[in-house]
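Can you build the whole structure from these sequences, using the hints too?
Residue numbers (the numbering used here), protein chains in the order written: chain A, 0 to 303; chain B, 0 to 303.
Derived by calculation from the structure, the hints in this document are not laboratory data. Hints are not guaranteed to be accurate.
Identical chains blur together in the list; that is why a pair holds if it fits in one copy or across any two.
[Unchecked claim] Think about it this way: if two alpha-carbon atoms lie no more than 25 Å apart in a straight line, the pair counts; the simulated SDA-like pairs of lysine to any residue are:
1. Lys110 / Asp99
2. Lys19 / Tyr101
3. Lys269 / Leu28
4. Lys269 / Glu31
Here the structure is a predicted model, which means the values were calculated and not measured.
There are 2 protein chains.
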Amino acid sequence: MAYHEQYSRYVGMVEETIEKLLPQTREDLPREDGIIPAHLCEAMRYSLLAGGKRVRPVLLLAACEMLGGELEQAKVPAAALEMIHTYSLIHDDLPGMDDDDYRRGRLTNHKVYGVGQAILAGDGLLNYAYECLLDHAAAHPENLRGLVLAAQAIASRAGVSGMIAGQSIDLLSEHMQPDAGRLAYIHAHKTADLLTAPLLAAACIAGADEAQTEALLRFGRCMGLAFQIDDDLLDVEGDAGQLGKQTGMDAQRGKMTWPSLVGVQASREKSRALWDEAERAIAVFGECAWFMQAFAQQLRGRKK
Amino acid sequence: MAYHEQYSRYVGMVEETIEKLLPQTREDLPREDGIIPAHLCEAMRYSLLAGGKRVRPVLLLAACEMLGGELEQAKVPAAALEMIHTYSLIHDDLPGMDDDDYRRGRLTNHKVYGVGQAILAGDGLLNYAYECLLDHAAAHPENLRGLVLAAQAIASRAGVSGMIAGQSIDLLSEHMQPDAGRLAYIHAHKTADLLTAPLLAAACIAGADEAQTEALLRFGRCMGLAFQIDDDLLDVEGDAGQLGKQTGMDAQRGKMTWPSLVGVQASREKSRALWDEAERAIAVFGECAWFMQAFAQQLRGRKK
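Here it is as structure tokens:
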């Protein structure tokens with residue numbers, strides 16, 4: 000199967016699973032237990048179904064299939080991970096955080112539903128991710144332990160020593176003097192942790208051994224850091240004329256970036272080295288890794 | 000053992016467990032994995048250790064002991080539930096929600112740490128609750144299924160068809176015409192769901208049968224609704240002179256309350272009937288329920 004077909008197949012699975020887990024409801028005051036009020040449900044779906052490449056859930060499904068795990072068992076964890084990614088975007092866009100009005104050309108959640116409901120839609124997606132993960136684990140006694148460990152891998156990477164730690168330090172560092180240690184910490188946690196999460200979760204579901212898990216972790220970490228450097232590079236190249244002095248800050252947002260810290264050339268070299276390492280890490284899986292290799296190459300060559 | 004001693008014993012267990020799960024860290028850029036950045040950790044602890052009666056975790060521990068379950072297994076779920084309760088208070092106090100500057104006589108989280116960090120401290124506590132629940136389940140293979148079901152019970156009551164649903168409808172209903180169905184929904188979910196959660200979680204940990212679980216659920220539900228009506232009554236009695244017309248709204252907050260909807264007398268009767276039903280529900284456990292009976296009587300007689 001060609002790469003793009005396979006990617007679409009995975010995206011189809013993710014979106015079908017999301018639709019099953021979170022269908023639009025009708026009543027604002029549901030009479031039965033377990034039904035989400037319509038307005039809250041709509042706000043959650045608005046951001047969860049806003050498109051996007053579904054990078055994280057696709058990685059989870061692809062890694063699970065590569066390892067010979069049960070794809071059926073991986074669908075709910077994949078959808079849950081996308082809920083977690085989405086809640087983090089809703090909260091990131093809020094006033095007091097990045098205060099953005101638009102994301103991917105659409106109004107941000109709080110611009111449509113108000114700040115209060117957007118906070119709750121984010122909280123709701125985060126909590127619902129775990130609700131789904133736990134329901135799913137309880138419904139699969141044949142792999143209860145594997146699914147609990149997968150949920151645990153997601154929780155630890157998404158949490159206060161993972162993604163949330165990265166967001167907190169990022170926010171705390173605005174308008175600070177740039178510093179490579181700080182920037183590396185932010186990228187490792189704010190970005191890379193949610194890319195290693197699906198790989199580790201897949202390893203737990205499929206019962207991968209330690210060497211396989213280690214290789215996946217290295218693949219995800221390198222890819223996550225390279226992805227972030229490329230993002231910064233694309234920004235610089237996009238407004239090269241406007242950048243002016245290289246102060247170690249993203250001019251518009253007051254945030255640190257690699258190009259502004261070590262220069263464009265060194266950033267390009269670092270990115271190249273990281274992508275090479277990611278490809279070497281995944282190579283241990285041989286031909287089974289064809290999709291992962293293609294996935295990395297695709298991300299590596301991306302344009303804004 | 001006397002009631003107050005027993006209560007203090009449970010509170011001691013909760014606070015000791017919180018301290019173990021969430022000790023203050025030192026570095027803002029931790030070098031090791033799994034360490035929470037100091038500033039984020041401090042913001043989480045600020046609200047989690049702000050005192051409070053620890054009603055929900057105490058209920059969990061007491062119900063577990065009443066059912067003959069392993070108290071050791073109940074401590075982490077109890078602390079996790081308190082993290083969830085605390086995150087909901089931090090987010091409730093934010094601008095765009097209730098926009099409060101003080102809670103229990105102390106500055107609210109966002110007044111001390113800023114809105115962005117308070118959002119993240121709330122997200123962090125919510126995510127960390129599940130991280131702890133999952134770590135704990137994985138560490139107890141002898142009762143893995145019971146602990147997963149306990150976490151599931153907490154997740155479903157805390158979530159988008161539970162507490163968050165109640166918060167969302169509450170927010171949506173501000174300045175609306177009062178309506179008994181709406182008010183009952185808000186109280187059942189915003190308040191009662193987080194009081195049934197510990198009882199159901201304890202039932203899962205202890206492996207209670209269906210009849211026991213049903214009795215605990217009824218106890219929690221009645222107590223939760225009665226608690227909320229009493230809260231409204233205490234508010235009315237507190238500012239009886241200021242209430243003016245009975246519009247179905249809490250004068251200050253633009254929120255619906257029972258006394259303003261059905262009158263003070265009918266609210267008192269409803270509260271009495273609910274407390275009586277709660278006491279009948281828990282009576283099926285006989286003498287083992289002494290603490291729960293005393294607990295309900297204590298809440299019933301509380302003053303502002």
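Do the hints match the structure? See the list:
In this assembly of identical chains, the alpha carbons of Lys110 and Asp99 lie at most 25 Å apart whether taken from the same copy (9 Å) or from different copies (22 Å). With identical chains, the CA atoms of Lys19 and Tyr101 are never at most 25 Å apart, being 28 Å at best within one copy and 41 Å at best between copies. For a Cα distance limit of 25 Å, the shortest separation of Lys269 from Leu28 across copies, 22 Å, qualifies, whereas the shortest one inside one copy, 54 Å, does not. In this assembly of identical chains, the alpha carbons of Lys269 and Glu31 lie at most 25 Å apart only when taken from different copies (23 Å versus 55 Å within one copy).
Hint compliance for this structure: hint 2 is the single one not met.
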